[in-house]
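Asker: Make the full structure from the sequences, and use the hints.
Which chain is which? The protein sequence lines are A and B, in order.
Throughout, the working numbering is defined as the position within the first sequence, counted from one, plus 554.
Throughout, the working numbering is defined as the position within the second sequence, counted from one, plus 3.
Just so you know, the hints here were simulated from the structure itself, not pulled from any lab data.
All of these numbers come straight from a predicted model, not from anything done at the bench.
Hints are not guaranteed to be accurate.
Result set (EDC-like, lysine to aspartate or glutamate): computed pairs, CA atoms no more than 20 Å apart in a straight line [what the hints assert, rightly or not]:
#1 K662/A - D700/A
#2 K968/A - E65/B
#3 K198/B - E942/A
#4 K564/A - E619/A
#5 K710/A - D720/A
#6 K114/B - E956/A
#7 K198/B - E947/A
#8 K198/B - E946/A
#9 K968/A - D119/B
#10 K114/B - E912/A
#11 K114/B - E946/A
#12 K919/A - E946/A
#13 K114/B - D891/A
#14 K198/B - E956/A
#15 K979/A - E109/B
#16 K704/A - D720/A
#17 K114/B - E976/A
#18 K114/B - E947/A
#19 K948/A - E917/A
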Amino acid sequence: MSEEYRNMWKDLGLDLEAHDMLLEVLGKGYQDIYLAQKDRPEGMGYFDFVLSEVHGLRIKELMDEKAAGRKVVGSFCVFVPEEIVRAADATLVGLCTGADFATEEVEKILPRNTCSLIKSAFGFKLGKVCPYIESADMIVGENTCDGKKKSYEILKDMTPNLYVMDLPQMKSAEGRALLRAEYFRFKEAVEKLTGVTIDAERLKKGIAIVNNKRKAIHRLSLLRKADPAPISGLDALLANQVFFYDDPVRFTDSVNKICDELEGRIDKKEGPFPKGAPRILMSGCPMAVPNWKLPWIIESSGAVIVGEESCVGERGVRNLTDNRSSTVDDLMEAIVDRHFKVDCAIFTPNPDRLAHVEEMFREYKADGVIHYGLQFCQPYIAESMPVEKALEEKGIPTLRIETDYGMEDVGQLKTRVEAFMEVLKP
Amino acid sequence: MRYAGIDIGSRTIELVVVKDGDIAATKQTDTGFDPMAQARELLSGVAFDRIMATGYGRNLFEIAFDAPTVTEIKAYGVGVSALIPAAGTILDIGGQDSKAIALNGEGAVRKFEMNDRCAAGTGKFLEIMARTLGFDLAEFGSEALKAEKELHINSMCTVFAESEVTSLVARGEERRAIALGLHQSVVRRAVGMIKRVSLTGPMVFAGGVARNPCMRRLLEEALKQEMLIPEDPQMVGALGAALLSARAAT
Chain A
555 MSEEYRNMWK DLGLDLEAHD MLLEVLGKGY QDIYLAQKDR PEGMGYFDFV LSEVHGLRIK
615 ELMDEKAAGR KVVGSFCVFV PEEIVRAADA TLVGLCTGAD FATEEVEKIL PRNTCSLIKS
675 AFGFKLGKVC PYIESADMIV GENTCDGKKK SYEILKDMTP NLYVMDLPQM KSAEGRALLR
735 AEYFRFKEAV EKLTGVTIDA ERLKKGIAIV NNKRKAIHRL SLLRKADPAP ISGLDALLAN
795 QVFFYDDPVR FTDSVNKICD ELEGRIDKKE GPFPKGAPRI LMSGCPMAVP NWKLPWIIES
855 SGAVIVGEES CVGERGVRNL TDNRSSTVDD LMEAIVDRHF KVDCAIFTPN PDRLAHVEEM
915 FREYKADGVI HYGLQFCQPY IAESMPVEKA LEEKGIPTLR IETDYGMEDV GQLKTRVEAF
975 MEVLKP
Chain B
4 MRYAGIDIGS RTIELVVVKD GDIAATKQTD TGFDPMAQAR ELLSGVAFDR IMATGYGRNL
64 FEIAFDAPTV TEIKAYGVGV SALIPAAGTI LDIGGQDSKA IALNGEGAVR KFEMNDRCAA
124 GTGKFLEIMA RTLGFDLAEF GSEALKAEKE LHINSMCTVF AESEVTSLVA RGEERRAIAL
184 GLHQSVVRRA VGMIKRVSLT GPMVFAGGVA RNPCMRRLLE EALKQEMLIP EDPQMVGALG
244 AALLSARAAT
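Answerer: Here's what the structure looks like:
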């Protein structure tokens with residue numbers, strides 16, 4: 555690790571010892587789960603590099619941007635519109651979560667029965683190991699589930715630059731009006747933060763950058779319809795995860811490059827798993843780096859994951875923002891329309907999500923659906939049983955998994971996943 | 004050809020050898036702290052041509068003995084179907100796991116449910132509770148059946164249930180009544196799993212806990228259906244693995 559990074563981390567107020575430990579665990583996990591895979595596309599080298607520098611070079615880039623007067627905005631959710639942030643020449647980054655850290659400290663301030671994702675985000679903050687949250691000029695909390703909503707009240711004391719965005723819970727005209735009002739308020743907040751007035755030209759440029767990023771990752775997703783799938787689910791998940799950290803333009807180029815390579819693989823019928831391997835659609839809660847447990851169990855059992863119906867996946871990127879208007883107001887309406895389509899489980903009722911799961915199951919020629927619910931994530935856990943029931947009524951085999959970031963249940967999960975494979979391919 | 008199946012569970016290891024479709028030998032031992040040493044000892048002196056492993060220790064066995072594996076869920080489906088061809092649904096409560104398995108009518112698994120990581124609703128839960136109340140595990144079920152009233156136990160978590168039991172004891176409640184309540188709490192959980200896979204056809208109860216008469220009676224009352232129990236309910240997984248080993252060879 556270069557001295558330059560260490561000084562940067564120190565300046566950000568990170569706990570260097572704890573941070574070293576985290577990087578070591580992360581590196582080892584990456585080695586065991588990612589680098590141990592066979593027949594990876596060459597283009598994954600880029601993502602290996604990004605991940606190895608996720609707390610290094612990428613943070614350095616953010617610090618350079620800050621030094622040049624640009625701002626960094628951190629968020630935990632796909633409802634925070636990146637277009638608006640980008641329009642003000644600021645950078646939106648996903649904040650750290652995805653692994654248990656400083657759990658004992660977290661449980662002093664949050665209920666034990668809070669989901670791992672929220673606990674982890676707090677753990678990274680309390681443990682002083684997330685360079686993203688420390689470098690962010692503005693942190694956007696969003697009122698999605700109750701767990702997040704109430705925990706932001708507590709996070710506010712630790713991060714005075716927290717901005718809370720309210721979100722609707724119903725797909726009604728009133729719901730849309732709320733989202734619209736909140737996005738206009740957010741635009742003003744970003745303008746105030748950056749000192750930039752967002753005009754139509756800027757907004758169009760912001761939309762174009764983010765749309766291109768979504769298009770690229772969606773292109774990658776569509777290539778996974780091939781049998782054999784040209785890329786493992788783990789590698790595709792990684793690209794979806796890096797989506798939230800990387801420079802958007804460079805990310806778009808890198809994903810498109812890997813897609814070119816995958817097209818060649820499809821022509822040659824190549825892939826990391828043989829043709830006919832059980833094909834799994836994952837559906838449910840988002841998976842942040844380094845939450846690779848369940849995909850790893852699935853793919854080390856010989857199945858290939860062909861899609862993620864998740865915020866870190868299709869739910870987050872499926873829709874584009876209409877960029878044809880030429881006024882700020884119309885473009886803002888388009889951003890509202892685009893995000894209002896996201897079928898997050900905080901909405902009630904949420905029939906679009908089930909329709910999307912079925913559609914993805916068919917289009918990606920999956921053999922079964924594994925529903926991933928993060929323990930204590932009420933919205934997705936509550937949807938898990940009705941989703942399972944509805945899918946099974948249509949003859950779609952479904953396995954419902956509820957787990958957290960801990961590794962104690964790997965043996966049991968493996969038994970369940972393997973037994974599910976036996977059901978799919980007796 | 005002699006085909007063996009070994010079921011390495013959290014509490015016990017079972018071995019079944021099948022020849023021409025019939026059971027030629029069965030053996031059982033405790034899992035202990037070194038399952039592979041125990042497995043090796045169990046296998047010594049047993050003649051077989053091929054072996055397949057199932058149960059918790061199957062992956063360890065796969066590495067140590069270079070043998071194929073199958074999950075206990077499929078193994079139970081095959082084993083039960085061989086013993087009771089009409090079986091529609093299986094409840095398997097073992098030392099560490101409980102599972103409800105729905106069969107597709109041809110001996111293959113259609114759907115299954117399995118307990119979470121904790122010991123709630125498993126043999127381990129009953130074992131700890133028997134100890135807390137000073138019963139031998141072997142007599143826990145029959146003693147519970149002698150209770151004159153039933154107490155309601157709310158906690159399924161082993162740790163919380165233990166404190167609940169302690170407070171019931173302190174209140175002067177009869178220990179058989181507490182025992183009955185504890186059995187009932189395991190049954191409630193099992194019934195929930197069975198309903199999720201939807202109960203169809205004759206119901207088979209297997210795994211070590213199927214030996215417990217109180218569990219059987221309470222399940223029959225709750226499901227309003229007879230529970231079919233294989234003669235040796237703990238051998239079902241090993242039998243299934245042995246039959247699958249034979250199937251794989253042909």
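Asker: Against the structure shown, which of the earlier numbered hints fail to hold, in ascending order?
Answerer: 13
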